[in-house]
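With chain S's structure known, arrange chains X and U on it following the hints.
Protein chains in written order, with the numbering used here: chain S, 1 to 324; chain X, 325 to 830; chain U, 831 to 1163.
Bear in mind the hints are in silico, worked out from the structure with no lab data behind them. From the three backbone atoms N, C-alpha and C, an ideal C-beta is built for every residue, glycine too. No false leads were mixed into what you were given.
Interface residues of chain X toward chain S, partial, derived using beta-carbon atoms under 10 Å:
| # | residue |
| --- | --- |
| 1 | Val379 |
| 2 | Met404 |
| 3 | Glu413 |
| 4 | Ile416 |
| 5 | Pro418 |
| 6 | Leu420 |
| 7 | Asn425 |
| 8 | Leu427 |
| 9 | Val437 |
| 10 | Lys440 |
| 11 | Glu477 |
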Amino acid sequence: MNRVPRVILSTLAPFLGLVLVVLAFWAWGCVAKPDATFLTPFRMTLIAKQTAIVGMGALGMTLVIVSAGIDLAVGSLLALTSVVLALLLRAGVAAPFAVLATLGVGALAGAVNGLLVTRLKLVPFIVTLGTMLLFRGVAEQIASQQKIATEAPAWLSSLLDPPPAGAWPFVCTGVWIVVLLGVLVAFVLKNTVLGRHVVAVGSSEPTARLCGIAVDRVKVLVYTLCGLCIGIAGLFQFANLNRQGDPTGGSGLELEVIAAVVIGGGSLNGGRGSVLGSLIGALLMTTLRSGCVFAEVPDPIQKIVIGAIIVVAVALDQWRKRAA
Amino acid sequence: MSKPPLLSMRDVAKRYGATQALRGVGFTIERGQVRALIGENGAGKSTLMKVLAGVVPPDAGSMQVEGRPYTPRSPHDARMARVAMIHQELAIAPDLSVADNVLLGGEHARFGVTAKREQYAIARAALTRLGRDDLDPAARAGDLGLAEQQLVEIARALVADARVLIFDEPTSSLGERDASHLFRVVGELKAQGLGIVWISHFLEEVQRVADVFTVLRDGAVVDDGVMAGTSLQRIVASMAGRAVDAMFPKVPHAIGDPVLTVDGLSGVRAPRDVTLVLRRGEILGIAGLVGAGRSEFLRCMFGIDRVHSGRARRSDGRAVGVSPRASLRAGLGFVSEDRKSEGLALDLSIEDNLTLSHLRPFARAGVLATSRRRATATALAARLGVKTTGVTQPIGALSGGNQQKVALARLLHEGGDVWLLDEPTRGIDVGTKAEIWRLIGEHAASGGTIVVVSSYLPELLNVCDRIAVFCKGELRAVRPAHEWTQEAVLHVATGAEVAMSARSDA
Amino acid sequence: MSRVALAVLLPLVLGSSLSACGDSGSAGGTSNAGKTLRVAVIPKGTSHEFWKAVEKGARAADAALPDLEIVWKGPQGEGDAAAQIAIVESFLADGFDGICLAPLDARALETPVKTAIAQNVPVVIFDSGLASADLGIASYVATDNVQGGRIAAKFLAEQLQGKGNVVLMRYAVGSASTEQREAGFLEEIARHPGIQLISSDRHGGPDESKAIEVGENLAQTFGERIDGVFCSNESCTSGMLTALARDPRGLTSKIKVVGFDSSDRIVAALKEGRLAATVLQDPVAMGEKAVRAIHAQLTGKPVDARVQTGETLVTTQNVDDPAMRRLLFPLAD
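This is chain S alone, in the form it adopts within the complex (with noise of 0.2 Å):
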């Protein structure tokens, strides 16, 4: 039976590429550096807490990708949300309703690029284009063009401090979030019917619609749940800004959220994607940028070496595919 096969291949191909880069910088640091080591306990959890933003993206953008959308105004609404919860904070209101508030202006936004892309009948490409910069707007215009500054409980401003190393929790508060949601984004991608219908949708819209799929409902809840992650992860953003929201903050950030989801194996052709495969890719992504410092790796090489895994991975996808 070839199921079993591509299963366990989707997961890990971007898994054994984490493995192996891990060990050639590793091994790169046996030889070269003998007082020092790559993998020492703080650097794990440095890197876990450096992919909980990206990572966080990665599992709404995974429900999107998977349902054959992409949302590009991901960056700009993580500048958006951070920049709410400061100005919210600063105007005194108490760190959880301004915390639920956050949330729900990203859930809001996410619902915006839904039923733009469901009732005007866009293409999600173009219609997370035009948020993208409307998003940017109007958190710099709220924010007045600075990054707000304010004071806030350590519960939410300590979500991104990574505990003392090799101690219970291990990692910081955000990351523990991120997998925990993982594993609940995950379940809900298998074993509900939510989830079967926003792959139902992604890989034959048609089908779908025949067999009576809300189709456009499951879309805007896509894109809302989307929106819900980057408002969870523009607190992340606050709390590793040291309790700022900065309005041009962000920006790059659905690039990296997206070429995550790939290198994890999902498909922009909808259908496919893997929650899992998706924080291992961007797991990946961290780990490569911490490796190179670590490495002394010039800024433009770790650039293309990051360029390179990319293509690499859609490469190795469609090898898969035919092969199978």
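Then chains X and U, alone, in the frame of chain S:
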């Protein structure tokens, strides 16, 4: 009759803009009955289907299912009323499992979480009813063959407890063996009391499957009756509205010298080691089951699929099969079986589609002489009788038969002498089929050579000079057409070890 | 097309009399009493506090000069030279009398500056320079960034008592002012043989979250070996401080950080001792001097080709001095 019919339709009318697609159509289907719906393209069959399946509402008329009014506003409504449609272009989500596909839109779930074991059991039960309990419910639907995907779609209808099944050209992409299995399945479903609407171009098949028939022409019912005892000639005559003397017109042509030699040609998976000589003025038919390597043979010759070993060359030494570009230069022309995604650019105009592969005659220093190009395109379209409002019309707006005519007209324009045609008459009405065969005959008469793949044996037997039969990627036999019978072809095509019940058994 | 040609063509096109030509023809020339001079002031960005302070100085000059009116407009963020070029060009098209520009890219912005000068629109360059010296700009108003970098290096070397390992976090490729600071820093640090430069090829960039990540990776890689760090602008300084503050090994109390420019965060870090010092420019003076320079040029008064705006080191010791407060909180009053 005490019970009301399973499905009845009365005086149904539908108008699209200036076109009256349906004018007062009516028929009934009883339990355990198969009604064939026959008509040329544009006769109103597809509109009728859409009305039945709830895709478009009728302007007038009424429908009833088991005596209750039936007014579906969506495919979902139709499904709720237990009317299901099996589409020609199969409605399958390739990335979902068989079980997920069977239960798509009607999932068994608790709090939104699917009950996997229960779903597998239901899917397996439905597949067992269709005689395929060997299909794995967990398999990815996209990995299945076309015939199996079709069964998945039928299983979906069974799970929804459909009482009426509408089949749209169900055998158009099936080989003989799969078609035979489908006929058996339909027999079972009949026995289980389902009513079936069967839409098809294959008249022999209709004769075999259907109990009753309805012929549509120009949106109206022109003939209706019991299948048994009705001659094909009568049905063809009512479809065309005129007596069609020959369904497969023969144009006299003479066979000459060799023009192309295929020497041990093998593709990556198929074909395997094919050796063949093509002659001037010859029509060579290629028969075989789906997956026998027939399409792959044409694609290797034209250079679309990679040639693994062996070679093909023109008698003057020019190589073919290296790339489509080289093959075009060497005088080959190719029409794919999948004209929608590979043969034609649906968004482009007729003119563009006709001339795109060969723009050089109209170009001076890279600039196109548009008026000359338009004149050529118009002349070609007229020569083939393409029904169109003008050559600037997008080709997607044409009927399937007219699209196919444009694809063939392009070969004429390219001016190559060897035509490779993959299923050129699939999904095309009888009238257009005859025109296409006449065109092929004329090409042979003017010294051209044609290699034509078809799953419809009667046309190969009637039109071709020689027939080559493929099985499992190999060329098993080539003989003059008059030495073949349907049974003999099937015997070779199935590898002789499987006893086949052919369509001609009926 | 030159302004004179435009002035001739427009009335022709409109079919009105050619007598209008005489009036408008003199508009681009020397002084003309009663007419307000319109000057565009184009910063590198609008969101950093530094540029808010420059704007304050520019507006102060505007208020003091009745015959001059400024329009303040910069690109979004600080990464987009193309957007800044477009802004300069649109001001030229609008017929502004003079332009004050802080070029985002030393080479890319030369083209619109050449165009402006060719159209007799004088240009004052501030904050950071252009690559070519012979463009004919009216004046260059800027901090001596090389000197700023030297001051930082000298202070850091003193703090480390002449020995230790230092890291330089750069800002971005192509940003002349920060590259000068980095060059000044490297030049001065090389004079201290006991000090090793262990990393100088990392760029923090304009996005603070990226700067944090770079800071974290540097801290992770070199860890306790680092004795001192220099960051060449505000977002890098801020990002590095955040990265160190989160380090569980307590690197923040071990490592001497010297930054450049200021913000609320940076002042707080100075007061808490997490930041040893930061080099301050005087952005208010920069804005004011730039506008005064363009005004002098437009009204035919003498203009210095190079106007210095000063650079000052603020340390944990003198952070509360009134003179420092003015530089630290340029937007306060």
